[in-house]
Structures are given as C-alpha cells and as structure tokens.
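Engineer: Each chain, letter by letter, is given below.
2 protein chains.
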Amino acid sequence: MREVFQLELREVQDRLVEISELVATSIDKATRAFNESDVALAEECIEDDARIDELAVALDELAITILARQNPVARDLRIVVSALRISASLERMGDLATHIAQLARYRFPDKVVPKSLRPTFAEMGRLDVEIARKLTELLSSQEVELAETIRNDDDKIDALHLSVFDKVLGEKWKGETVDTVDATLASRYHERFADHAVAIAKKVQYLATGEWVPESA
Amino acid sequence: MREVFQLELREVQDRLVEISELVATSIDKATRAFNESDVALAEECIEDDARIDELAVALDELAITILARQNPVARDLRIVVSALRISASLERMGDLATHIAQLARYRFPDKVVPKSLRPTFAEMGRLDVEIARKLTELLSSQEVELAETIRNDDDKIDALHLSVFDKVLGEKWKGETVDTVDATLASRYHERFADHAVAIAKKVQYLATGEWVPESA
Numbered sequence: 001m002r003e004v005f006q007l008e009l010r011e012v013q014d015r016l017v018e019i020s021e022l023v024a025t026s027i028d029k030a031t032r033a034f035n036e037s038d039v040a041l042a043e044e045c046i047e048d049d050a051r052i053d054e055l056a057v058a059l060d061e062l063a064i065t066i067l068a069r070q071n072p073v074a075r076d077l078r079i080v081v082s083a084l085r086i087s088a089s090l091e092r093m094g095d096l097a098t099h100i101a102q103l104a105r106y107r108f109p110d111k112v113v114p115k116s117l118r119p120t121f122a123e124m125g126r127l128d129v130e131i132a133r134k135l136t137e138l139l140s141s142q143e144v145e146l147a148e149t150i151r152n153d154d155d156k157i158d159a160l161h162l163s164v165f166d167k168v169l170g171e172k173w174k175g176e177t178v179d180t181v182d183a184t185l186a187s188r189y190h191e192r193f194a195d196h197a198v199a200i201a202k203k204v205q206y207l208a209t210g211e212w213v214p215e216s217a
Numbered sequence: 001m002r003e004v005f006q007l008e009l010r011e012v013q014d015r016l017v018e019i020s021e022l023v024a025t026s027i028d029k030a031t032r033a034f035n036e037s038d039v040a041l042a043e044e045c046i047e048d049d050a051r052i053d054e055l056a057v058a059l060d061e062l063a064i065t066i067l068a069r070q071n072p073v074a075r076d077l078r079i080v081v082s083a084l085r086i087s088a089s090l091e092r093m094g095d096l097a098t099h100i101a102q103l104a105r106y107r108f109p110d111k112v113v114p115k116s117l118r119p120t121f122a123e124m125g126r127l128d129v130e131i132a133r134k135l136t137e138l139l140s141s142q143e144v145e146l147a148e149t150i151r152n153d154d155d156k157i158d159a160l161h162l163s164v165f166d167k168v169l170g171e172k173w174k175g176e177t178v179d180t181v182d183a184t185l186a187s188r189y190h191e192r193f194a195d196h197a198v199a200i201a202k203k204v205q206y207l208a209t210g211e212w213v214p215e216s217a
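Residue numbers (full-length UniProt numbering), protein chains in the order written: chain E, 1 to 217; chain Y, 1 to 217.
Pulled out of the complex, with its shape left as it was, chain E reads as follows:
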C-alpha cells in the first residue's frame, strides 16, 4: 500500500509539472502576442487554455481518489492538499495568460500599449515567463532555492507594476483612454500571474522544509 501511495504521489507531482509546463508555454505565447501584436499566437494561447483546465480537473480528481483510498496523514496529507491548491493556482495562471492574449487579439493590428510603455511590458512579460519556467523546475526538482528567486522576480514585477501607474499618471503620458484602460488591466494580469507563482512556490517550499505557509500569507 505504501509503495502504491508513493507511486501515486509521484503521479501527482508529474502532472503538476506537466500543467506548469503548459502554463509556461501559455504565458510565453501570451506575452509575445501582446508585445509583438501577433494575433495568431494570441488565438493559440486562448485555445490552449482548455487543455490546462482539463488537466487541472483530472489532477483534482486524482488527488481526491488518493485521499479516499490511502487516507494519508501528516506530511503526506499536506502534499495531497497542497496539490489541490497548486492546481487551482496553475489553472488561474492559465486564465491570466489568456486575458493578456485577449487584449492582444482585441487591439490587433495595433499594439496594446503605446511606445513609452513597451519596454516595461516587455520586461514584465519576460519575468512572468521566467517565473513560470522556474516554477516548473521547482515543482520537478523541489530545489527550494528556486522559490527564493521566484520571489525576487515577483518583487521586480511589483516594481514594474507600480512604474506603469507612474508612467500613465505622469505629465508626459500621451496615451488615449483605451491605452490607459488596457495598460491598467495588462499590468494587473502580469502582476497577479506572478503572485500565484509565489503562492505555489511557498507551498512547495513548505513541503520540502516542513514549514507550513498558510493560504493567505
């Protein structure tokens, strides 16, 4: 029974890695679509999201089956419960990538944000992709040092998020109202994407170190 359980936990981990990989591909497509006004890539990202949703649902069902059949306790139980939460966050990250792609599709053939903001969004996008890749690596290797670098990247994204507001509210801002709306939404989506990654990283860190991090922290 114990051996079966270990195999099942391994299966949970493999599936989380698989979903995380898809999320990394998704945010890569979304941010490229956004930055380069590539509507085909935006469409791809939006279509791919159904697969992420499907896999997240399947993983949840697997976790529930494990809870029912194996009655895990202590750390094992927390691993399974964390998997449920990680899958919910990954699913949400997929949604946020889709929202970024939708902005690109909506504004096509124009770019979503005016020139003055493009370097900022290019950097936010690069960091979000980086974070998603590190997250996949973290879920796969459980190397907790990666959690720290994800948090650092998130700090950079938070600073960029604030700088978007500084630019938009600054005297030099020449954007139209639609640019202001889209920059506000896009910045928020990029920032929330990274927040979810940090929440997941905390959970993986706990599972490796035994220090429980509450959902709301």
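Incorrect hints may appear among the rest.
Unchecked claim - To spell it out: a stretch of chain E is covered by chain Y in this simulated footprint if at least three of its residues, at any positions, have a beta carbon under 8 Å from a beta carbon of chain Y; those stretches are:
# : stretch
1 : 58–71
2 : 149–161
3 : 164–171
4 : 176–183
Read the hints as simulated data drawn from the structure, not as lab findings.
Cβ atoms here follow ideal geometry from the backbone N, Cα and C, with glycine treated the same way.
Since the structure of chain E is provided, determine the placement of chain Y on it from the hints.
Structural biologist: Here is chain Y on its own, set in the frame of chain E:
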C-alpha cells in the same frame, strides 16, 4: 465515530458561514467607503481583513484534521475538499473588498470615480453586497435556489462591468487619467468578487445535488 464526523462537518459549515458573514460586512463597508468617500470605513474594512484571513487558515487546519482523522470518502470527502476551496475563495473576496477600500482611502477626500460613473458603481456595490449576503444564506441553509439568484446578480455585474468600459471609452468621458485607472481597477475588483461568489455557489449546489462542478468551470 460517524456522529463525531457529522458534528465536525457541522462545525466546518458554521465556520464557513461565519467567514462569509465577515466578507459580507467587509464588502458593505468597502463599497460604502468607495461610494461615499468615507475613509474611516475604508480603514475599518482594511483592518478587518486580518480576521478573515485568520479564520480561513483555522478552517483549513480543521478540514485537514478531519481528513486525517476521519478518512471521509465519497460525498463526505467532497464536502471537506469543497470547504477548503470555499475558504480560499472567501479569503480572496475579503482581499478584493480591501482593494476597493484602498482605492477609497487613496483618493480621499475626493471620490474615486467622477459623477457620471457613480450610479454604475453604486449599483455594482449594491449587487456585490447582495451577493455576499445571499452566499452567507446559501452556505447556512443550503437552499440551492439561492445559487441561481447569485448567478443572475453576477450576470448583472458583468453587464455593469462592460458598461464601465463603454462609458470610459465613450466620447463624453471627461475623466482624468487617474479616474480611468481607478474606474478600471474598481470595476475589475467588483466583478472578480462576484465571480468568486458564483464559484462557491456552484460548489454548494453540487454538494446539495450531487452534480460535481469542476474548479475551472
């Protein structure tokens, strides 16, 4: 054992109702602070959020203890897993209420949005409060008809959310850039608040009817 378990499930339900009540109070304070530019109320809402976070963490711990000790299966297991998800959504609704209050505090003594948008936000706020109250009632009574009315209210909020963009992007919009940014964020927060309520309502509906609604739906 079975009797203890039923008592524990009852305890989980009572605690969900308690958190939902606090969330309803929080969104009531937040939207009144927002609409009436009441900074004291905004502060209160922001301070109250720690209590919601605390209760959500405590509920999660209770749910995990029940999973470990009672090894629930089938519908009982799904009730406990759903409680974990519902608590995460309630916690997030508290955060969103806080974000609305923060906008009010930030713009005080000014109002957050210009006159032309105030009736729209008054209505969105009213609906969010209504939704939170219905949700508390639903969690307490399990009357699934309430889930339907929550969904209807959410549809109205979605329509109002779109109408905010129509107004802001319309020719008559005279707001400054800061008004555009704040209206965009505020509208998004109001809309996400209702989304979480719908997600919770679906889970409660499943528990009552046996029809499982996946996380991502």
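Engineer: Would you check chain Y against the stretch 58–71 of chain E, counting CB to CB pairs closer than 8 Å, and say if three or more residues qualify?
Structural biologist: holds (count 5)
Engineer: Has the stretch 164–171 of chain E got at least three residues whose CB is nearer than 8 Å to a CB belonging to chain Y?
Structural biologist: holds (count 3)
Engineer: Holds or violated: the stretch 149–161 of chain E covered by chain Y, criterion of 3 or more residues with Cβ-Cβ distance under 8 Å?
Structural biologist: That given contact is violated, which follows from only 0 residues of the stretch 149–161 of chain E lying within Cβ reach (below 8 Å) of chain Y.
Engineer: Between the stretch 176–183 of chain E and chain Y, are there enough contacts, at least three residues with CB-CB distance under 8 Å, for the coverage claim to hold?
Structural biologist: holds (count 4)
Violated hints amount to a single one, hint 2; each of the other numbered hints is respected by the structure.
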